[in-house]
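K.L.:
Now for the letters of each chain:
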Amino acid sequence: MRLLRLREVKAFFQGHAASHQLGWNWIPRLSLSPKGLKILAASLSCCRWLSDRQRHELGPSHPAGPGPLSGLGRYLQHCPHRSPLLSVVLYPQVTPQAPRGLHCSTAAHNPDSPLVPRPPEPQRGLVKALAPHEELFRQAPDGVRDKASFVQAVQNFTQYNVHKRGHVDFIYLALRKMREYGVERDLAIYNLLLDIFPKEVFRPRNIFHSIFLHYPRQQECGIAVLEQMENHGVMPNKETEFLLTQIFGRKSYPMLKFVRMKLWFTRFKNINPFPVPRDLPQDPVDLARLALRHMEPDLSARVTVYQMPLSKDSTDATDPTEPHIVGIQSPDQQAALAHHDPARPIFVEGPFSLWLRDKCVYYHILRADLLPPEEREVEEIPEEWNLYYPMQLDLAYGRSSWDDYEFNIDEVEEGPVFAICMAGAHDQATLAKWIQGLQETNPTLARIPVVFRLSASSGELLASSSGLEETPLTPPEGREEEENNQQRQQQSQS
Amino acid sequence: MSGCGLFLRSAAAARLGRALVAFTASRRPLRTSPPSQAFAKELFLGKIEKKEVFPFPEVSQDELNEINQFVGPVEKFFTEEVDSQKIDREGKIPNETLEKLKSLGLFGMQVPEEYGGLGLSNTMYARLGEIISLDCSIAVTLAAHQAIGLKGIILAGSEEQKARYLPKLASGEHVAAFCLTEPASGSDAASIRTRATLSEDKKHYVLNGSKVWITNGGLASVFTVFAKTEVVDSNGSVKDKVTAFIVERDFGGITSGKPEDKLGIRGSNTCEVHFENTRVPVENVLGEVGGGFKVAMNILNSGRFSMGSAVAGMLKKLIEMTAEYACTRKQFNRNLSEFGLIQEKFALMAQKAYVMESMAYLTAGMLDQPGFPDCSIEAAMVKVFSSEAAWQCVSEALQVLGGSGYMRDYPYERILRDSRILLIFEGTNEILRMYIALTGLQHAGRILTARVKQLKQGNVTTIMETVSQRVRDSLGRTVDLGLTGKLGAVHPSMEDSAHKLEQNVHYFSRTVETLLLRFGKTIVEEQLVLKRVANILINLYGMTAVLSRASRSIRVGLQNHDHEVLLANIFCTEAYYQNLFALSQLDKSDLRREERGTPRNSEHWHPTPTVLTRLSPPAVGMTKWLLQQILRKISMN
Numbered sequence: 001m002r003l004l005r006l007r008e009v010k011a012f013f014q015g016h017a018a019s020h021q022l023g024w025n026w027i028p029r030l031s032l033s034p035k036g037l038k039i040l041a042a043s044l045s046c047c048r049w050l051s052d053r054q055r056h057e058l059g060p061s062h063p064a065g066p067g068p069l070s071g072l073g074r075y076l077q078h079c080p081h082r083s084p085l086l087s088v089v090l091y092p093q094v095t096p097q098a099p100r101g102l103h104c105s106t107a108a109h110n111p112d113s114p115l116v117p118r119p120p121e122p123q124r125g126l127v128k129a130l131a132p133h134e135e136l137f138r139q140a141p142d143g144v145r146d147k148a149s150f151v152q153a154v155q156n157f158t159q160y161n162v163h164k165r166g167h168v169d170f171i172y173l174a175l176r177k178m179r180e181y182g183v184e185r186d187l188a189i190y191n192l193l194l195d196i197f198p199k200e201v202f203r204p205r206n207i208f209h210s211i212f213l214h215y216p217r218q219q220e221c222g223i224a225v226l227e228q229m230e231n232h233g234v235m236p237n238k239e240t241e242f243l244l245t246q247i248f249g250r251k252s253y254p255m256l257k258f259v260r261m262k263l264w265f266t267r268f269k270n271i272n273p274f275p276v277p278r279d280l281p282q283d284p285v286d287l288a289r290l291a292l293r294h295m296e297p298d299l300s301a302r303v304t305v306y307q308m309p310l311s312k313d314s315t316d317a318t319d320p321t322e323p324h325i326v327g328i329q330s331p332d333q334q335a336a337l338a339h340h341d342p343a344r345p346i347f348v349e350g351p352f353s354l355w356l357r358d359k360c361v362y363y364h365i366l367r368a369d370l371l372p373p374e375e376r377e378v379e380e381i382p383e384e385w386n387l388y389y390p391m392q393l394d395l396a397y398g399r400s401s402w403d404d405y406e407f408n409i410d411e412v413e414e415g416p417v418f419a420i421c422m423a424g425a426h427d428q429a430t431l432a433k434w435i436q437g438l439q440e441t442n443p444t445l446a447r448i449p450v451v452f453r454l455s456a457s458s459g460e461l462l463a464s465s466s467g468l469e470e471t472p473l474t475p476p477e478g479r480e481e482e483e484n485n486q487q488r489q490q491q492s493q494s
Numbered sequence: 001m002s003g004c005g006l007f008l009r010s011a012a013a014a015r016l017g018r019a020l021v022a023f024t025a026s027r028r029p030l031r032t033s034p035p036s037q038a039f040a041k042e043l044f045l046g047k048i049e050k051k052e053v054f055p056f057p058e059v060s061q062d063e064l065n066e067i068n069q070f071v072g073p074v075e076k077f078f079t080e081e082v083d084s085q086k087i088d089r090e091g092k093i094p095n096e097t098l099e100k101l102k103s104l105g106l107f108g109m110q111v112p113e114e115y116g117g118l119g120l121s122n123t124m125y126a127r128l129g130e131i132i133s134l135d136c137s138i139a140v141t142l143a144a145h146q147a148i149g150l151k152g153i154i155l156a157g158s159e160e161q162k163a164r165y166l167p168k169l170a171s172g173e174h175v176a177a178f179c180l181t182e183p184a185s186g187s188d189a190a191s192i193r194t195r196a197t198l199s200e201d202k203k204h205y206v207l208n209g210s211k212v213w214i215t216n217g218g219l220a221s222v223f224t225v226f227a228k229t230e231v232v233d234s235n236g237s238v239k240d241k242v243t244a245f246i247v248e249r250d251f252g253g254i255t256s257g258k259p260e261d262k263l264g265i266r267g268s269n270t271c272e273v274h275f276e277n278t279r280v281p282v283e284n285v286l287g288e289v290g291g292g293f294k295v296a297m298n299i300l301n302s303g304r305f306s307m308g309s310a311v312a313g314m315l316k317k318l319i320e321m322t323a324e325y326a327c328t329r330k331q332f333n334r335n336l337s338e339f340g341l342i343q344e345k346f347a348l349m350a351q352k353a354y355v356m357e358s359m360a361y362l363t364a365g366m367l368d369q370p371g372f373p374d375c376s377i378e379a380a381m382v383k384v385f386s387s388e389a390a391w392q393c394v395s396e397a398l399q400v401l402g403g404s405g406y407m408r409d410y411p412y413e414r415i416l417r418d419s420r421i422l423l424i425f426e427g428t429n430e431i432l433r434m435y436i437a438l439t440g441l442q443h444a445g446r447i448l449t450a451r452v453k454q455l456k457q458g459n460v461t462t463i464m465e466t467v468s469q470r471v472r473d474s475l476g477r478t479v480d481l482g483l484t485g486k487l488g489a490v491h492p493s494m495e496d497s498a499h500k501l502e503q504n505v506h507y508f509s510r511t512v513e514t515l516l517l518r519f520g521k522t523i524v525e526e527q528l529v530l531k532r533v534a535n536i537l538i539n540l541y542g543m544t545a546v547l548s549r550a551s552r553s554i555r556v557g558l559q560n561h562d563h564e565v566l567l568a569n570i571f572c573t574e575a576y577y578q579n580l581f582a583l584s585q586l587d588k589s590d591l592r593r594e595e596r597g598t599p600r601n602s603e604h605w606h607p608t609p610t611v612l613t614r615l616s617p618p619a620v621g622m623t624k625w626l627l628q629q630i631l632r633k634i635s636m637n
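Residue numbers (our numbering), protein chains in the order written: chain E, 1 to 494; chain P, 1 to 637.
Rather than coming from a laboratory, the hints here were simulated on the basis of the structure.
Each residue gets a CB set at the ideal place from its N, CA and C atoms; glycine is no exception.
Misleading hints may appear alongside valid ones.
Said to hold, decoys possible - Between beta-carbon pairs, the in silico distance windows are:
1) P:Leu263 with E:Phe452: 52 to 58 Å
2) E:Lys262 with P:Gln343: 38 to 44 Å
3) E:Ser401 with P:Gln527: 17 to 23 Å
4) E:Pro373 with P:Gln527: 25 to 31 Å
5) E:Glu375 with P:Lys202: 51 to 57 Å
6) P:Lys258 with E:Trp385: 31 to 37 Å
7) P:Gln527 with E:Glu375: 50 to 56 Å
8) E:Asp410 with P:Glu276: 53 to 59 Å
9) P:Glu276 with E:Trp355: 56 to 62 Å
10) E:Gly398 with P:Met464: 48 to 54 Å
11) E:Pro372 with P:Leu528: 33 to 39 Å
12) P:Gln399 with E:Lys147: 37 to 43 Å
13) P:Ser584 with E:Ile381: 31 to 37 Å
As the list claims (entries may be wrong) - Chain P regions said to be covered by chain E (calculated; three or more residues, Cβ under 8 Å):
14) 431–445
15) 507–518
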């Protein structure tokens, strides 16, 4: 639960320009719980009363115009000082509360970076203008977009704009452009952006400054920079800290955000026991390998490439393109399949989705139903087994419930999974090829009926699948390729 | 709820003990002349079988003279003629050394006299072992020949087989080897792949397969081989069972691989042995067809006790050499031997050597008693204790010797390398601990079954009895098992130690009851519990052995018996506290599975991050990941 001051809300509505000059610093703090939006709404009627003059100036089309709640909803989304945890909690609770209809007038969020707040545009209703400073990024020669040109753009801004007019807008713009330039994971660039802020100006000078949000728009912009760092997993360093203290001072919200990042990043950095490499391979076959390894718990499992993708340009239009088929099977699974009763069918099921960072891949499994209890073989201990010590005691009683450590484990028994595969296409013809390939190592498979249970609409994401097919890489033809070392594979990728 | 459970359990255990006393008491008079030789097993029930261990087994004067006659020349040979360094370096025992060993009769020490052997008793065999172990390679070669190689013929062979093979084996004309281990089969008899199929004329078995790590595999001309054969059951079904065969090299089809290059005991010959269509006559089946499993177990169980005395002999020699160094090497104008930390090491070595020697000779003495005493638990305990003590002592000796202990010019590093195998062969110590604990628990469980059942069913009288027993225990009842006192078996100078032993035995039996009540037959899976049970039992046996031996020394007035008393008391105190610690561990249920942290072979095992991991740059978009996790949780609920 955090404290939200009316002052902040109000300042937000007023276009940030002269909010601190209006002299409403005396307005007491309001405590806002996410649940108790009603209280806030009530208090906002007072806000309406306060900002009468400004609203008059803004005109009816401004987001703050029709009703305060729309601005509030947006404000809460962009709530400037939240820890990573808080941001997670706030979302589902707040957004449904804000009425949809009120959002209509606001611009749609950029799907790329939904957490970066767009700067409020006071004249939006009046003039349909280009975002300011857009030309700085456009003038990059030959359309080369890399770190150097990005740095050049930033330097141009600071050089030709000695008074740093509109620097907040420029930083927001730069944040949005970072991904295009491929510098969104570069700490130096973030520090460069922070360096644009004028120093010492926004530092609170007395206790009242630090109690109330001092230069809210600038602080918010600073937080946006940190937020984007957080989203891309960039850890701030000493230089960041130095810049922030110089710009906003120690007792400011960007600094608070910085401290929280410092605290939580170290804790969360290695929290995933099954880390996914940061840069995923582009080649679908390599990606499939990675995904299969990621899913398979058995380290001795073998990845087999049953079919390499045929590149589109090498084949005629009449030839259907051959999608890739990559499968994985462990020795244990192989043995289980060998012992499978041929009278019982086995199933190919899928596609199921798997997310690897921002990519979604689809896989199929080969599985069987669980044996009914009466047909299961009880594993018995042979009489003459261990040469050295008895493998069982002939005592008439077992473990007391006191020492039954598994009393609270609720286990669902499932049928065995014999293999997993990832293919470029999810139709039966492709998967039948996989089964054929499996028969080479599992001769018993030829005698077992295989049933294809493919869900008709996979609910597949169009974007990701098209992204997969976009890469017409043709590695040399090799039917069975054993892949032992993920790292080696990644190195060869990069 | 939990309190109630605890109460029940302790109640159950206590009651158990009482009924037991009554039970054994009633059984006593029914016993006939060879009493059940189960000292260690009775410890599980809280009883000390004084008859077995007090007084310390004596050797008759004739026998003593005989040993001394024998020991002299052997000792002379080993100290003067055997060049251990050369054997180690060249990886081979010279032929003339082997010839001399044969002429001394060392290849047939335990072969009965009527077959041309020396027919030594177990005690005398142990005594000779002390000397033979001065060179580990020779000791291992001889042990592989007679402790396991030809033991099968002595234990399970028919008269014809004995008459045919034993004389030549005893004289050393033939060397024997024991072929059990296979690439896929260590202690797992079910996975033996070597196969013997009966030929059509039913006169031969055709043997196929290969065995690995066979000591004497290259030298031997007679092999005891274990192979799977088809056996028709009583109900007509065909089963694969293990059968033992005596196989001569002359049967053909036997090849041995090149000698393995080993860490220690480099002079002994270890190699693979392959059998390819070797035709073995039906007469050469050892024991019954399909009875090979029992034969193998008997051979393995009988061969272990001698390790204690052998290691003791080696250690005594090592202490001698180390002491010489410590008494001559001067630092700061003082001999090394004057420093407390060095003295402590010698105390440790002396104590361990004394204990293992006592245990070994006590076991040998028990084995020499009439009847066919089953001392396999005791022998296993001797093996475990002595091999571990050997490793520890040799390591400490090297510490005393400093740099020279590490150099190849001196014999010390060779002893270190040689002693490492002791923990591994003849059943690894881990496996033997399982054997010790499980065999004892099996015995205790059989006797306690009725009581445990009553307790589990909640029989009120039994529970009340048990509770009162427990309460009396906790109120400081002194445990008296009759070791001390007027007619006590232990000398009064070790009264304290004897009390400690009694107390340990008493609480050990209580703990065993509790454990059986808690785990029942699933205790087989609780290896951490079993290990502690075995450790306690080994300590108890060691305490008994030293108390018995030191008491005897005082009684017959041996030279330096005060030292023995000192060593015995030190060991008993140490072992007492070790036992208390282990018992308290067993009492608490802190041997939980969760704490083991065992990675299973097939699962991802993530190594603990090193110190440097912290410094690596944050590569993971952790907040996004966390978000995904939380969303997944939400969607699952």
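K.L.:
If a hint holds in the structure, say so; if it doesn't, say that too.
P.N.:
Structure-based check of all given hints:
1. Between Leu263 (chain P) and Phe452 (chain E) the C-beta distance comes to about 57 Å, which sits within the given range of 52 to 58 Å.
2. Our hint of 38 to 44 Å for Lys262 (chain E) and Gln343 (chain P) is violated, since their Cβ atoms are close to 55 Å apart.
3. Look at Ser401 (chain E) against Gln527 (chain P): about 22 Å separates their beta carbons, and that is inside 17 to 23 Å.
4. The hinted range of 25 to 31 Å is satisfied by Pro373 (chain E) and Gln527 (chain P), whose Cβ atoms lie roughly 30 Å apart.
5. Checked against the hint of 51 to 57 Å, the pair Glu375 (chain E) and Lys202 (chain P) fails, with Cβ atoms roughly 40 Å apart.
6. One distance hint, 31 to 37 Å for the beta-carbon pair Lys258 (chain P) and Trp385 (chain E), holds here, with the actual separation near 32 Å.
7. Hint check: Gln527 (chain P) to Glu375 (chain E), Cβ distance near 32 Å, so the stated range 50 to 56 Å is violated.
8. For the hinted restraint 53 to 59 Å between Asp410 (chain E) and Glu276 (chain P), the CB-CB distance of approximately 55 Å keeps it satisfied.
9. For Glu276 (chain P) paired with Trp355 (chain E), a C-beta distance near 57 Å keeps the hint of 56 to 62 Å intact.
10. For the hinted restraint 48 to 54 Å between Gly398 (chain E) and Met464 (chain P), the CB-CB distance of approximately 25 Å leaves it violated.
11. At roughly 37 Å, the beta carbons of Pro372 (chain E) and Leu528 (chain P) sit within the given window of 33 to 39 Å.
12. Take Gln399 (chain P) and Lys147 (chain E): their Cβ atoms lie about 60 Å apart, and the range 37 to 43 Å is violated.
13. Between Ser584 (chain P) and Ile381 (chain E), the C-beta spacing of about 33 Å keeps the proposed range 31 to 37 Å intact.
14. Counting residues of the stretch 431–445 of chain P whose CB lies closer than 8 Å to any CB of chain E gives 9, which reaches the minimum of 3, so the coverage claim holds.
15. Only residues whose C-beta sits within less than 8 Å of a C-beta in chain E count toward coverage, and the stretch 507–518 of chain P has 3 of them, enough to reach three; the restraint holds.
Of the numbered hints given earlier, the model fails hints 2, 5, 7, 10 and 12; all others are met.
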